[in-house]
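Chemist: Now for the letters of each chain:
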Amino acid sequence: MLINKRTKGDLIVLDVAEKRVDAAIAPDLKEYIAELAKQGATKVLLDLAAVEFMDSSGLGAVVAGLKSMGGRGELAVCNVHGAVADLFKLTRMDRVFTKYATVDEAMAAIG
Amino acid sequence: MRILVVDDSPPMRRIITTILRKAGYDVEEAEDGVEAWNLLRVNGARFVVCDWQMPRMDGLELARRIREAKFENYIYFILLTARDQKSDLVAGLDAGADDFFSKPVNKDELLVRIRAGKRILDLEHGLEERNRKLNEAHDKLQIAYATIEKDLQSAATMQRALLPEPATLGAILFDWLYYPSLFVAGDMFGYYCLDGNERYIGFYHLDVAGHGIPASLLSFTLNKVLLPSRGESSIVSRADDASGLGSGDGDTFVPPELVVAGLNETFQGQGSSAMQYFTMVYGVIDLETRRLTFCQAGHPYPMLLKRAEGRVNPVGIAGVPVGMVPGINYESTTQDLDKGDRLFLYSDGITECENVKGEAFGEEQLRRLLQDGIDLPLGEVKERLGGALRAWKGDDSYKDDVTLLALEWTGS
Numbered sequence: 001m002l003i004n005k006r007t008k009g010d011l012i013v014l015d016v017a018e019k020r021v022d023a024a025i026a027p028d029l030k031e032y033i034a035e036l037a038k039q040g041a042t043k044v045l046l047d048l049a050a051v052e053f054m055d056s057s058g059l060g061a062v063v064a065g066l067k068s069m070g071g072r073g074e075l076a077v078c079n080v081h082g083a084v085a086d087l088f089k090l091t092r093m094d095r096v097f098t099k100y101a102t103v104d105e106a107m108a109a110i111g
Numbered sequence: 001m002r003i004l005v006v007d008d009s010p011p012m013r014r015i016i017t018t019i020l021r022k023a024g025y026d027v028e029e030a031e032d033g034v035e036a037w038n039l040l041r042v043n044g045a046r047f048v049v050c051d052w053q054m055p056r057m058d059g060l061e062l063a064r065r066i067r068e069a070k071f072e073n074y075i076y077f078i079l080l081t082a083r084d085q086k087s088d089l090v091a092g093l094d095a096g097a098d099d100f101f102s103k104p105v106n107k108d109e110l111l112v113r114i115r116a117g118k119r120i121l122d123l124e125h126g127l128e129e130r131n132r133k134l135n136e137a138h139d140k141l142q143i144a145y146a147t148i149e150k151d152l153q154s155a156a157t158m159q160r161a162l163l164p165e166p167a168t169l170g171a172i173l174f175d176w177l178y179y180p181s182l183f184v185a186g187d188m189f190g191y192y193c194l195d196g197n198e199r200y201i202g203f204y205h206l207d208v209a210g211h212g213i214p215a216s217l218l219s220f221t222l223n224k225v226l227l228p229s230r231g232e233s234s235i236v237s238r239a240d241d242a243s244g245l246g247s248g249d250g251d252t253f254v255p256p257e258l259v260v261a262g263l264n265e266t267f268q269g270q271g272s273s274a275m276q277y278f279t280m281v282y283g284v285i286d287l288e289t290r291r292l293t294f295c296q297a298g299h300p301y302p303m304l305l306k307r308a309e310g311r312v313n314p315v316g317i318a319g320v321p322v323g324m325v326p327g328i329n330y331e332s333t334t335q336d337l338d339k340g341d342r343l344f345l346y347s348d349g350i351t352e353c354e355n356v357k358g359e360a361f362g363e364e365q366l367r368r369l370l371q372d373g374i375d376l377p378l379g380e381v382k383e384r385l386g387g388a389l390r391a392w393k394g395d396d397s398y399k400d401d402v403t404l405l406a407l408e409w410t411g412s
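Chains A and B, in that order, give the protein sequences. Going by my numbering, the first sequence opens with residue 1, and the numbers climb by one from there. Going by my numbering, the second sequence opens with residue 1, and the numbers climb by one from there.
What the hints contain is simulated information worked out from the structure, not anything from laboratory work. It is possible that some hints are incorrect.
[To be verified] Listed below are the simulated DSBU-like cross-link pairs for lysine-lysine, each with C-alpha atoms no more than 30 Å apart in a straight line: (1) Lys70(B) to Lys89(A); (2) Lys38(A) to Lys5(A); (3) Lys89(A) to Lys357(B); (4) Lys393(B) to Lys19(A); (5) Lys8(A) to Lys89(A); (6) Lys118(B) to Lys70(B); (7) Lys133(B) to Lys118(B); (8) Lys133(B) to Lys107(B); (9) Lys118(B) to Lys19(A); (10) Lys89(A) to Lys5(A); (11) Lys99(A) to Lys8(A); (12) Lys118(B) to Lys86(B); (13) Lys38(A) to Lys19(A); (14) Lys133(B) to Lys19(A); (15) Lys357(B) to Lys339(B); (16) Lys224(B) to Lys357(B); (17) Lys89(A) to Lys43(A); (18) Lys118(B) to Lys89(A); (19) Lys103(B) to Lys86(B); (20) Lys393(B) to Lys89(A); (21) Lys140(B) to Lys150(B).
Taking the hints into account, I'd like the entire structure generated from these sequences.
Modeler: Given below as structure tokens:
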């Protein structure tokens, strides 16, 4: 799994550099976020600009990541587009986590 | 290590045998190829020092026989020769000799060649040992695989037995397609009368995230949980009339959005494991008022055929999948059904089914196919969809479970 991690203040931006987030990488993604949470991260932004497709396992991993942040942490997403945007709409992910249009917008709101 | 010394000359045998015994080797003697061959077959020496020319069977012939016999362990073969011509060397190698040693015998050279041979035998022995262990492991794996496959097949048979037969309940005809991806499926569906008066029909279609064994285990459980239990309360029906929505004679149904919300609280993943959840549509049809009410949780939008409009359209209100996060409120959609109206519930295994170019079958292709079948019997529409998917995929080994549940108002 390819993830580029940047830190801006106390916001950790994870650029998911994968076209498909499916069963093949879902467990790794879940572990990655859980590890950040364990290290004390409280604000994580998933940049999904590169992601064209996400299946049910991938969605499960993102939500599991959010849950591993616990009550004190925040996991947001940005650059959600195409089939992933459709999936988020169908599954009402707006009720589960905050979605920003761009990294800058997320920075302004939670950075 | 035991060495077999083969030579028809007793003095020569004595010289070689003495050198080897002094160096600590266990030595056996044979006076020609025939005797050596008989000894090799019973005592299993792995090292042979053999003269070339002997009566009855010479060294070349003995080497050839040893190689052809394919002994379980490799036999290292040194050919003793007075000759040093290239053509002899070639003939010896060709027969299967590993090394040559020329007479007269030089003690140091003989021992060096024996040690070189022993190194090769030791390597060989290590490889044999490894191969034996690999073969053992391979056999065990094959047995385990066969057992798992057999278990999976019986699980698949049990799962199929849970599926209801195509049936007509009141005015509603139900039919379906079911192609599990790995023997067993994470997809499940069902339909039944919810009350004693046979006024309310309940139905569902669900898709557990992932597929294979873990997903199918949850689908088995859900199949049981979603059954109405006559005279007792279950997640879909109540024994009393507390909801005020029932028929008044005892059993009554739980509104779809509450069924889904109830499942959502019951099936929250343990700890932070939100990896196991499911998407579903649960619905109820009131046969008296013709009213269809359903709740959709992360599942693809059902396709509704309104015969009067001549069109198939996706319907529903999107909702969060079940078991992902607690405390979600769900909403239901209602539709009135007229004669010939149809509702299709399906899993994303259909719309995300990819052809060889990696293109998804897609919602629009599905919608058009269902719409084109407007004047065909429901069973035929279903078969056409099955055929179209197989043709799209190129074979019938699906990456995800492919299931469709269809219902039609067949009453007046």
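Chemist: Evaluate each hint against the coordinates.
Modeler: Verification of the supplied hints:
1. Lys70(B) to Lys89(A): 68 Å, violated
2. Lys38(A) to Lys5(A): 16 Å, holds
3. Lys89(A) to Lys357(B): Within the cut-off at roughly 27 Å; holds.
4. Lys393(B) to Lys19(A): Answer holds: Lys393(B) to Lys19(A) is near 22 Å, not above 30 Å.
5. Lys8(A) to Lys89(A): 29 Å, holds
6. Lys118(B) to Lys70(B): Satisfied, since the Cα-Cα distance of roughly 19 Å is no more than 30 Å.
7. Lys133(B) to Lys118(B): 22 Å, holds
8. Lys133(B) to Lys107(B): Answer violated: Lys133(B) to Lys107(B) is near 39 Å, above 30 Å.
9. Lys118(B) to Lys19(A): With a Cα-Cα distance of about 56 Å, the restraint between Lys118(B) and Lys19(A) is violated, given a limit of 30 Å.
10. Lys89(A) to Lys5(A): With Cα atoms ~27 Å apart, Lys89(A) and Lys5(A) stay inside 30 Å; holds.
11. Lys99(A) to Lys8(A): 18 Å, holds
12. Lys118(B) to Lys86(B): Measuring from Cα to Cα gives roughly 25 Å; hence the hint holds.
13. Lys38(A) to Lys19(A): Holds, at roughly 27 Å.
14. Lys133(B) to Lys19(A): 42 Å, violated
15. Lys357(B) to Lys339(B): 40 Å, violated
16. Lys224(B) to Lys357(B): Not OK: Lys224(B) and Lys357(B) at ~40 Å, beyond 30 Å, violated.
17. Lys89(A) to Lys43(A): 23 Å, holds
18. Lys118(B) to Lys89(A): Roughly 72 Å separates the two Cα atoms, so the pair is violated.
19. Lys103(B) to Lys86(B): The hint holds at about 16 Å.
20. Lys393(B) to Lys89(A): Status holds; Cα separation ~27 Å.
21. Lys140(B) to Lys150(B): 15 Å, holds
Hint check: violations occur at hints 1, 8, 9, 14, 15, 16 and 18; the rest are consistent with the structure.
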